[in-house]
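Guided by the hints, dock chain B onto chain A, whose structure is given.
Spelled out from the first residue to the last, the chains are:
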Amino acid sequence: MPDSESRTGEIPAKASAEKFRPLDLLIQYNFVAIFLVVVIIASLLSENFLTFTNIANLIQQAAVVGVVAVGMTFVILTANIDLSVGSVVAFAGMVVALLLAAGVNPVLAVVLTLVIGAAAGASMGAISAFAGVPSFIVTLAGLVSFRGLTYLLTDGVPVSGLPAGFSSISSSMIPLFPGFNLSSMGLIFIVAAVLAALILRLTVFGEYVYATGGNPEAARLAGLPTKRIVVAVFAISGLMSALGGILLTARLRIGQPTAAQGLELDAIAAVVLGGTSLFGGRGSVVGTLFAVMLLQVLRNIFNLLGLGSFYQMTITGVIIIAAVLLNRFLDFRRGRT
Amino acid sequence: MGRPMTEAMAVDNVSKVFPPNIVALEQASLHVTKGEVHCLIGANGAGKSTLLKIIAGAVKPTAGTIRIDGRETHLRSPADAASRGISMIYQELDLVQQLTVEQNLFLGQVPARLGLIDARTRRARAVEALRRVGAGFDPDARVESLSVANRQLTAIARSLTREASIIIMDEPSGPLNETELERVFAIIRELTAQGVAIVYVSHRLEELHEIGDRVTVLRGGRTIETFDVADTDDRTLVHAVIGENRTLLERHARPPLRDDTALRIERLTGADGLDIADFEVRWGEIAGITGLNGSGRTSLLRSLFGVRPFSGTVTLDGQPFHPRTPIAAISRGVGMVPEDRKVEGLILDAPVYTNATLPLMRKSSLARHGRRKAAARSVLARLSTKYGQPEQKVIQLSGGNQQKVVLAKWVANRSKLLLLDEPSRGLDVGAKADLYELISELAADGAAVIVASSELDELHAHCDRVWVLYEGRLLGSFDPATTDQNTMLSAQILGRNHA
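So the protein sequences, as listed, match chains A and B. Under the working numbering, residue 337 is the last one in the first sequence; the count climbs by one each step, no gaps. Under the working numbering, residue 499 is the last one in the second sequence; the count climbs by one each step, no gaps.
Calculated from the structure, these hints are not laboratory results. Just so we're clear, the structure is a prediction, and the values are computed from it rather than from any experiment. Careful: at least some of the hints might be erroneous.
Said to hold, decoys possible - Covered, in the sense of this in silico footprint (three residues per stretch, anywhere, with C-beta under 8 Å from a C-beta of chain A), are these stretches of chain B:
#, segment
1, 69–79
2, 99–110
Stated by the list, open to error - Chain B is nowhere near these chain A residues, computed Cβ spacing over 12 Å in every case:
#, residue
3, 34
4, 51
5, 153
6, 187
Built from N, CA and C at the ideal position, the CB exists for glycine as well.
This is chain A alone, in the form it adopts within the complex:
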């Protein structure tokens, strides 16, 4: 069938996917390239940058935003958004602190807190999915209410007097290989990211997440439980926020109700910078991981240069815009509008 042959021949199905063109590859994985450039700049600025100690520090500092951004990636892949994560981090941090201060077994306290976080996320997801309310609105309400609840727990007073062993969740030093000791919270972040990437890539659920975000109507018609998938991604986001809150409280050694303000914006910025589309269906946790580290390295550079946080905020915004424009350009080149 010559006609059909020539027709399929026209379609660069393989050409785009499998013919290695270095430039395309570079553009495709631009976040890796940008990350490497920033790392090179940083290592030129300071001899101490590429030391194991500094790298371990960077990962630890990025851990709280990192785990939250991993959860946020699931939500954004379904074309939703979760603005409540910062408040849920603070809420969970306070809950775990209160439980511990009341003498609850630490393992039980952590598990309970994780369950509460997942339930908080799931209920926001359920309201959004089943009542058809945009998740932007539902989680905006969550942002306000959970912060309010956090203050109500102790009337705004930090909780101290946590058992000494609790901080080991965050700050045990784990020797990964000779000379490289990573703190446990850094390790938790990396493990969570790897697990999430595997779930998205290898499981049926992961594929459902992409399908629901890519074309919800097609997914529904294919028999996918799209509403329950949306509930599940919000539950994951809530769970990861609770994990972030636990790590934060363990590191600070107090429950701090004012913690993690604006964290949702850092997490969303990282997800978008990592190439995940706000319109859903496109993106990866690997991208998020690189983006979280990129933002952390940038902060590190600014500190090395002695630039204050005003500069940091301004330039971070500019970098996010540049990355998003680059992705739009990529879409345009591939003929998507």
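Then chain B, alone, in the frame of chain A:
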């Protein structure tokens, strides 16, 4: 028919009313036997899509029964229908563009163990399904990188991966070439030989003859009749599709055509095979464009309004015309009434006068409510629109009056070339007559009007010339005064110039 008639599915007296009270189906019935190709035809709005969606579990019927394999069933969801052996190939919306072909093939039924995708099994089954439809593309290709024809083959391959006993194909032939269509027909024959029932929707009567055993005609949400394809000629089918009331529309007298050309298309080409040549409209003319869904009616109008990119040579009033934005088209005196007035034509929650004067606002920087209300009042009065106050929300008007508000935009803007896409859709008989009277008044005032519609009887009654589009090309124009509708209809449906 020689083969045993075992019932695969029986749909009886199914009705569907969409809120508030739009009746899409009224006691429609469809009986499908095992191993047959059962064709379903009907004009736009006859209720085909609603019926198919009910069978596929995507829409719940208001009344009626569905029996599958002799047992009465309530289909709760698409997943439920799939588990009962019903597989639906939608025209477009059921592939996820961002996923690969292979992922799409098994969406909703991925081979998996403990939630982990069994990649090896999936690959083997994907390769097999794609081989069966004769697909030459990679299972790892993303659907968005495929041509429309290859997407269609993907959708067909997908239904092969599910052990379906009833497969519904909604106009599968649209994007396929002859070789590909032959391959699909071969697959259909293979499936029916195994006892699978196929429900095949197509407008093309020649396909019906080639592949169909029986054909059911829907009109106005009702089942008109089921015919054996072998004993039925096209004329009978066409009559069943368009019904008897078409003779009710009297042809209106039209003044002789003027000599001065308004719009002339020497050549206009665009995406999806749109290729128009030698088209013209004179000032004061009402030109009809008809054709099946997907023949390019809407695409042509959108191109002329600067919404859809095109290349070629077009002149308006003797000057080159190549609008790249609606603003460019509007400033040349072009106005468009889009197909879906609620989505593209009106801001439903805004007042009547805002809607009627929206294009005028670009000429001033102040909102000028008083002046616009006055302008809206005079234009709407001229179009004899019924409404309470100019401040009334447009959503509260009837369909006919809403359409007049859409038209009022361009009358207020003094547009000279009006592009009307299915302007009478959803209007009752009185409102339709009203609308066409307005159109001929506007034409009498010198405007050139292009009416794109699948309602051939309306075009026949009101137009100076009717052009027939078939698969993106013009077959030519007919003079309704000297051509009967059946000739045009067979051109519209069969793509032939002579009956």
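Holds or violated: is the Cβ of residue 51 of chain A farther than 12 Å from all Cβ atoms of chain B? holds (39 Å)
Taking 12 Å as the cut and beta carbons as the points, is residue 153 of chain A off the interface with chain B? holds (36 Å)
Distal placement of residue 187 of chain A relative to chain B, Cβ over 12 Å: Since the minimum Cβ distance to chain B is about 24 Å, residue 187 of chain A lies beyond 12 Å and the statement holds.
Tell me whether the statement that chain A covers the segment 69–79 of chain B is true, taking a Cβ distance below 8 Å and needing three residues at minimum. holds (count 3)
Are three or more residues of the segment 99–110 of chain B within 8 Å, CB to CB, of chain A? holds (count 6)
With d taken as the least Cβ-Cβ distance between residue 34 of chain A and chain B, does d exceed 12 Å? For residue 34 of chain A, whose nearest Cβ neighbour in chain B is about 23 Å away, the distance exceeds 12 Å, so it holds.
Of the numbered hints listed earlier, not one is contradicted by the structure.
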